[in-house]
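Let the sequences and hints guide you as you build the complete structure.
Protein chains in written order, with our numbering: chain A, 1 to 354; chain B, 355 to 991.
Everything labelled a hint here was simulated from the structure, so no lab data went into it. Treat the hints with care, since some could be wrong.
[To be verified] If you want the footprint, here are the derived chain B segments under chain A, 3+ residues with CB under 8 Å:
id	stretch
1	383-391
2	408-419
3	692-702
4	808-817
Glycine included, C-beta positions come from ideal geometry on N, C-alpha and C.
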Amino acid sequence: MYILSSHEIKQLAQELQASHEVYGPQVDPQTQQVFFDQLTDVAALNLEAPIPSMPVKEILFPQMERILKYRYDSEAQSVTMSKQYFEKPKVLFGLRPCDLSGILVLDRFFLGQEFVDDVYLAHRRQCLLISNTCLNPFPQCFCVCTHSGPDADEGFDLDLTKLQDGYLVKVGSEKGQALADAHQWQLASPAQLSEQKAVVDHCIDLFPEMATDNKAWISRVMNRITTGFVKQETWEYIGDQCLECGACSFVCPTCSCFNIEDTQTACGECERLRMRDSCSFEGYARMAGDHNPRQPVEDRRNKRFFCKLSYPQSKKYLRPGCVGCGRCQWVCPGDIGLPNVVQYIRREITGGQN
Amino acid sequence: MKAMNYKACVCNLCGTGCGQFLKTDGQKVFGVAPLIAHPVSKGKLCIRGWHSNELLSTNERITTPLIREQGQLRPASYEEAIALVAERLTQLNGEAGEIGILASARSSNEDNFTLARLAHEVFNTRIQGIGAEAGHRKSMASLEHAFGYPGAHGSLTSIDKADYILVVGTDITRQNPIIGGNIHAAQRRGARVVTLSSSRTQIAKLSTKHYQQKPGTKGLLVNALAKALLAIRTVNHDRRANIDLLPGYAEYVASLRSISSVALERASGIRYEEIEEEAKHLEQAKSIVILFSSGISGLDRPTIDAITNLALLTDRMDNENSAVIPVAGISNLQGSFDMGVSGELGNSVFKALATPDSPIKALFAIDHDDGIIRDKARIAELDFVVYSCAYKNAFMELADVVFPLPAYNETDGTYTAADKRVQITHKNVDNPHGVLAGWALFQKIAKTMGHDWQYNDTASVFNDLAKHTPGYHDLSHAQLSKGFGQHWNPKAFAGYRQRKFNAINIEYWESPTTAEFPFALMIGKAQHYWHQNNLMRKTIVPRREYDQTLWLYPHGYIEISPDDATRLKVKDKWLVNVHSSIGTHMKIAVKISPDVQNGTAYIPYFIKNMISDFLLPYENAYAAGEESVVPIKIQEA
Ligand code: SF4
Ligand code: SF4
Ligand code: SF4
Ligand code: SF4
Numbered sequence: 001m002y003i004l005s006s007h008e009i010k011q012l013a014q015e016l017q018a019s020h021e022v023y024g025p026q027v028d029p030q031t032q033q034v035f036f037d038q039l040t041d042v043a044a045l046n047l048e049a050p051i052p053s054m055p056v057k058e059i060l061f062p063q064m065e066r067i068l069k070y071r072y073d074s075e076a077q078s079v080t081m082s083k084q085y086f087e088k089p090k091v092l093f094g095l096r097p098c099d100l101s102g103i104l105v106l107d108r109f110f111l112g113q114e115f116v117d118d119v120y121l122a123h124r125r126q127c128l129l130i131s132n133t134c135l136n137p138f139p140q141c142f143c144v145c146t147h148s149g150p151d152a153d154e155g156f157d158l159d160l161t162k163l164q165d166g167y168l169v170k171v172g173s174e175k176g177q178a179l180a181d182a183h184q185w186q187l188a189s190p191a192q193l194s195e196q197k198a199v200v201d202h203c204i205d206l207f208p209e210m211a212t213d214n215k216a217w218i219s220r221v222m223n224r225i226t227t228g229f230v231k232q233e234t235w236e237y238i239g240d241q242c243l244e245c246g247a248c249s250f251v252c253p254t255c256s257c258f259n260i261e262d263t264q265t266a267c268g269e270c271e272r273l274r275m276r277d278s279c280s281f282e283g284y285a286r287m288a289g290d291h292n293p294r295q296p297v298e299d300r301r302n303k304r305f306f307c308k309l310s311y312p313q314s315k316k317y318l319r320p321g322c323v324g325c326g327r328c329q330w331v332c333p334g335d336i337g338l339p340n341v342v343q344y345i346r347r348e349i350t351g352g353q354n
Numbered sequence: 355m356k357a358m359n360y361k362a363c364v365c366n367l368c369g370t371g372c373g374q375f376l377k378t379d380g381q382k383v384f385g386v387a388p389l390i391a392h393p394v395s396k397g398k399l400c401i402r403g404w405h406s407n408e409l410l411s412t413n414e415r416i417t418t419p420l421i422r423e424q425g426q427l428r429p430a431s432y433e434e435a436i437a438l439v440a441e442r443l444t445q446l447n448g449e450a451g452e453i454g455i456l457a458s459a460r461s462s463n464e465d466n467f468t469l470a471r472l473a474h475e476v477f478n479t480r481i482q483g484i485g486a487e488a489g490h491r492k493s494m495a496s497l498e499h500a501f502g503y504p505g506a507h508g509s510l511t512s513i514d515k516a517d518y519i520l521v522v523g524t525d526i527t528r529q530n531p532i533i534g535g536n537i538h539a540a541q542r543r544g545a546r547v548v549t550l551s552s553s554r555t556q557i558a559k560l561s562t563k564h565y566q567q568k569p570g571t572k573g574l575l576v577n578a579l580a581k582a583l584l585a586i587r588t589v590n591h592d593r594r595a596n597i598d599l600l601p602g603y604a605e606y607v608a609s610l611r612s613i614s615s616v617a618l619e620r621a622s623g624i625r626y627e628e629i630e631e632e633a634k635h636l637e638q639a640k641s642i643v644i645l646f647s648s649g650i651s652g653l654d655r656p657t658i659d660a661i662t663n664l665a666l667l668t669d670r671m672d673n674e675n676s677a678v679i680p681v682a683g684i685s686n687l688q689g690s691f692d693m694g695v696s697g698e699l700g701n702s703v704f705k706a707l708a709t710p711d712s713p714i715k716a717l718f719a720i721d722h723d724d725g726i727i728r729d730k731a732r733i734a735e736l737d738f739v740v741y742s743c744a745y746k747n748a749f750m751e752l753a754d755v756v757f758p759l760p761a762y763n764e765t766d767g768t769y770t771a772a773d774k775r776v777q778i779t780h781k782n783v784d785n786p787h788g789v790l791a792g793w794a795l796f797q798k799i800a801k802t803m804g805h806d807w808q809y810n811d812t813a814s815v816f817n818d819l820a821k822h823t824p825g826y827h828d829l830s831h832a833q834l835s836k837g838f839g840q841h842w843n844p845k846a847f848a849g850y851r852q853r854k855f856n857a858i859n860i861e862y863w864e865s866p867t868t869a870e871f872p873f874a875l876m877i878g879k880a881q882h883y884w885h886q887n888n889l890m891r892k893t894i895v896p897r898r899e900y901d902q903t904l905w906l907y908p909h910g911y912i913e914i915s916p917d918d919a920t921r922l923k924v925k926d927k928w929l930v931n932v933h934s935s936i937g938t939h940m941k942i943a944v945k946i947s948p949d950v951q952n953g954t955a956y957i958p959y960f961i962k963n964m965i966s967d968f969l970l971p972y973e974n975a976y977a978a979g980e981e982s983v984v985p986i987k988i989q990e991a
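Here it is in structure tokens:
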């Protein structure tokens, strides 16, 4: 482990910019909203900014992208195709641990199973991940309940923790080690290592009781959801509050659903678009022959929570499908962000007492 | 390549005016994010807002001026197309009513203001109108009478603080979902939310109290609530801020007194005792927000008058968290009215088109995004039709000259939300075809026709409109760019604070249903977030959602209660014949819904042939919007 000054961190970002597209948290000056976006100038990199409003999955799994173009030549009766996604070296600089966990879940989904998604792979390969320990939780966070924060324990190339003096840098991969070796960074002292632990413990202490208290409840709720013991009325209560906007899926670092559509751009020429989708939509689960296993809104809602909080799903991701970022709570025009749903189910279990 | 990043703007897809970011590289739009600091939407968007990127990426754009030649539209230069427009329109007599203007409630204030100038100063015509204006005109008239200015009283942000929220009619979680979400949040923090609606809409389910009245009696119930409130006041001898001195008070109170509880219950199905209980809550509230839908599916005038009167009678309208807001389904309906492009009585373009012997010969139309074109046959017969729009659309088929327009993020523009909040959207993408903004196009046409306006940019148009539009005087682009908009200032109206009661008539609505036509059919329940909005058909995921319903019910559907379905011996998705009492007929599928009352039936707005074949002949029903009722019978097909 190494210790770097703030200046060295900025220098690293700057240096990486020569060979990589560098993405990092920055604050929109007009609205003060935080986005994890490409940096044209590393001066805008703000490692102390609160959790970005949109998940970092944007970079690996964009909201909408053109993935293919094809042209039909009717004379020659031939089709020419060209893919529209390209591999570029990238650095994701200053990932919040929950967003890092989100990427690990997406990796499992897009790369880790029977199929490998070529588009995701192209964005993901040559991607350097630099995480950043949270010093204090943001209002909606509950990563302590989902084992995804406030510090990262796997998946990063480099991991930063801001200490009183400089940043403690952990190495998590060969790529990370190569960077460290190339720079001959200064090794961290034992005192700095324990300071890092203290920083994390302090952050955990700062979590509101609700979040920490929920920890045990999340496991119980997972059990209930997996075994199908949540009452229909509870799902209906939840479903009644869903305005079917799709926001919860769009901002969730682990939601991976997408839709594909080919549109004509000119005579004989088409492009294939891939855009995000959400299980909250009625058309999402519609099958041929008008069959829709999830037509009522409450059935669509419990699908989402099944996806985030059931054992089979966790087995697939090797961790819970929810990484505790709290964004769904933030964007939901109803009152059914994931932490609240845990509360509702908890209330059901206790018969209304907490 | 330029780096992509998020640019703040205002969602242009309904009258809520939510704050939005578009992720762009200056050429294309790739994504959307909600704007957390926005005072109304507070980091939320509805399905439409979240998919703006799909709309803004569509290839279905008009890219160049077009001229019809031998029946076909062919590309033309601006010069050629404008010269043709000038030549043809110069030959017509605007003053004699030969030229009509059909404005759009989606256009920016700058575009609408210059369009009004073009109409009045260059074409010399006053024959004009805004698509979807019918209901809003009534809301404006009633509000102006009551509060002294034609616009909402108070702000949408009041929902977050008010004690008492009354939602009259509108299926608000579908039409303006973010307002619906804010109301739901208010209910959770302890506000009393009361919904008056003949079917169990989502907001009805989320309310503290839902009065599921019989169709056609919303106004009566609002008046009954006023009567009950008045009774509490009288008993308490609690005289408020001279409400009783306002003009119209005596007549209003006399009318209220005539409400009989027996007749009320028979007409509406709601007991007066319940209303008396409700009045106690209303009396307790310090701040009161009343919301009702305006625009295509707006309410009728007597119902709106009942609402504005009740608002005045509560005597809480001076509280900073009180409001009366006509909720518009379209982004700039309020602004279009403010800019003076609505059809004044006697000058309505709709009237001109619908009257067979009217002198109208040419139509200058903007952005007709509805799938259903009223008076289509008449428009097709006109001598000359000019149409401007960003997107390809059925209206093009009627046009002799077509002009492209930029999308809402391809030019600067201001839009006035339902609560009079004027907000600016800055250009964040170049129009790939370099098309002229609406105001610049109109300026060019004016110039060719001998009028030089000398606007340099959108901001200079705004400065001019601010000078000439009451309420807009203190506003400018520079200042609107700083925050999240500003409400226009009602103090600019001479009648400001001269509050007056509207005259009401207590009528016990008799259902037009008969033994032969026993069902009360209502239109205007927005099943799918939009009416006949063609813009959503240019997206991908929302369009799938829309089609999802069409696939299940390819000919549209009629919603009836489970009891009625049993009585009619029909099952979900079965086809039935629906006959109206004036003889129109359609074949349509049944959708069984527990949210619908026995004896009532709903059809959604958005299915084209349902409206054009079945409802349009029912002129009054269509015009009366949400309060209209068509007597029908339903038979097995
Ligand atoms: S479910 Fe909600 S809290 Fe959990 S990871 Fe997704 S957005 Fe974050
Ligand atoms: S099914 Fe729903 S919750 Fe699961 S990844 Fe897809 S959109 Fe997200
Ligand atoms: S954000 Fe809330 S309202 Fe929107 S789809 Fe998700 S659960 Fe439903
Ligand atoms: S509520 Fe209206 S303004 Fe807000 S996101 Fe939806 S369509 Fe846009």
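Outcome of the hint check:
1. 383-391: It holds: at least three residues are needed, and the stretch 383-391 of chain B offers 8 whose Cβ sits within less than 8 Å of chain A.
2. 408-419: holds (count 4)
3. 692-702: Per the Cβ count (0), the hint is violated.
4. 808-817: Violated, because only 0 residues of the stretch 808-817 of chain B bring their Cβ atoms closer than 8 Å to Cβ atoms of chain A.
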